[in-house]
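Q: As a plain string of letters, each chain reads:
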Amino acid sequence: MDKNKNILLQYVLQLADNAMILGQRLGELCGHGPILEQDIAITNISLDLIGEARVLYSYAAEIEGNGKTEDDYPYKRDILDWKNILLVEQPNGHFGHTIVRQFMFDCYHYYHLTEMRNSSDIRLAEIAKKTIKEATYHLKYSSEWMIRLGDGTEESHAKMQEALSDLIRFFDEAFIPSKIEKEESLKGIAVDCERIRNRAWEKFRSVCEEATLKIPEVEYPQEGGKNGLHSEQLGFILADLQFLQRAYPNSNW
Amino acid sequence: MSHKHAGSLHAADAEMAINNARDVYTRRQEGVSLWVVESKYITASNPEESESLFDPAEDKIYRHPTFYDLPDELEYI
Numbered sequence: 003m004d005k006n007k008n009i010l011l012q013y014v015l016q017l018a019d020n021a022m023i024l025g026q027r028l029g030e031l032c033g034h035g036p037i038l039e040q041d042i043a044i045t046n047i048s049l050d051l052i053g054e055a056r057v058l059y060s061y062a063a064e065i066e067g068n069g070k071t072e073d074d075y076p077y078k079r080d081i082l083d084w085k086n087i088l089l090v091e092q093p094n095g096h097f098g099h100t101i102v103r104q105f106m107f108d109c110y111h112y113y114h115l116t117e118m119r120n121s122s123d124i125r126l127a128e129i130a131k132k133t134i135k136e137a138t139y140h141l142k143y144s145s146e147w148m149i150r151l152g153d154g155t156e157e158s159h160a161k162m163q164e165a166l167s168d169l170i171r172f173f174d175e176a177f178i179p180s181k182i183e184k185e186e187s188l189k190g191i192a193v194d195c196e197r198i199r200n201r202a203w204e205k206f207r208s209v210c211e212e213a214t215l216k217i218p219e220v221e222y223p224q225e226g227g228k229n230g231l232h233s234e235q236l237g238f239i240l241a242d243l244q245f246l247q248r249a250y251p252n253s254n255w
Numbered sequence: 116m117s118h119k120h121a122g123s124l125h126a127a128d129a130e131m132a133i134n135n136a137r138d139v140y141t142r143r144q145e146g147v148s149l150w151v152v153e154s155k156y157i158t159a160s161n162p163e164e165s166e167s168l169f170d171p172a173e174d175k176i177y178r179h180p181t182f183y184d185l186p187d188e189l190e191y192i
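Protein chains in written order, with the working numbering: chain A, 3 to 255; chain B, 116 to 192.
Hints may be right or wrong, so weigh each one.
Stated by the list, open to error - Straight-line distance between alpha carbons at most 20 Å, and here's what the computed SDA-like set of lysine to any residue pairs gives:
#1 A:K135 - B:D128
#2 A:K189 - A:I9
#3 A:K135 - B:R142
#4 A:K142 - A:V209
#5 A:K142 - B:A127
#6 A:K7 - A:S60
#7 A:K78 - A:P251
#8 A:K135 - B:E130
#9 A:K142 - B:D128
#10 A:K135 - A:E117
To be verified - Selected chain B positions facing chain A (in silico; Cβ < 7 Å):
#11 E130
#12 N135
#13 D138
#14 V139
#15 T141
Keep in mind that the hints were calculated from the coordinates and are not lab data. Glycine included, C-beta positions come from ideal geometry on N, C-alpha and C.
Produce the entire structure from the sequences given, and follow the hints as far as they go.
A: What follows is the structure in structure tokens.
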């Protein structure tokens, strides 16, 4: 494959993997939400994200050609080929963890899509224009829960603070460009993730403040997912996600 | 033009009610607008009173204007 085409393919897969893995994680909560309405809300977000992953994987398959389909990427790649950020593979934990993880991702996702609408790659721009409607709601949803629980009871506040302290080290990875994102040929196509960093952090800080949550200092920021270096969590997710295709290759509905 | 009831739910506050309604009742395009009312301001009929409230209309079909021919141009009747 042409070198620049391969770089675009890797970039599209990186975006798709974030949506896919978080969608899969949230899907684990289907039927297990704290109350019916939140169960449905979380599952809706999961489906939105898997929907986004699907259009991106379909685009990746078009770029790669060779008879590839959207299913080949989630079902037939091993762990080192996945380029999602570490944040999205972290476990659901309690509802506070799920909300903090979601809020962090939404802070990144929303501003990322805002910029991607101006991508010189028309397909990516179109995908962003469609997806941002959903991401806008996700950010509103998770922001409100951050505030409701953070500024809630003593117990809910303590749980949110615990979740924030657990997950804060994963927040910044989204804004540190990977090798692929720095490629010259992606100029104008890829979103400059350092450029959206300030806006995302500003939103993050203002919501945490309203939620009366303290943003802890990060001693050891965690990164590597974008370059294929994952926590052990991703292995468990893939074991679930890929079981059927590994046990019964090419099986269909 | 014509609103049809799609569903109702309870929530802890108004914002959450809008969000919940969006998540539960708009995914299949059931809804075009959402209303939130504090439940203390809703007065509803009591199911035990339904005989006196609703049954008397049952055998009075002549109260429906079904015995008239309506012009085709009338859309919402």
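Q: Going back to the hint list, which numbers does this structure go against?
A: Checked against the structure, the hints that fail are numbers 1 and 15, while the rest are satisfied.
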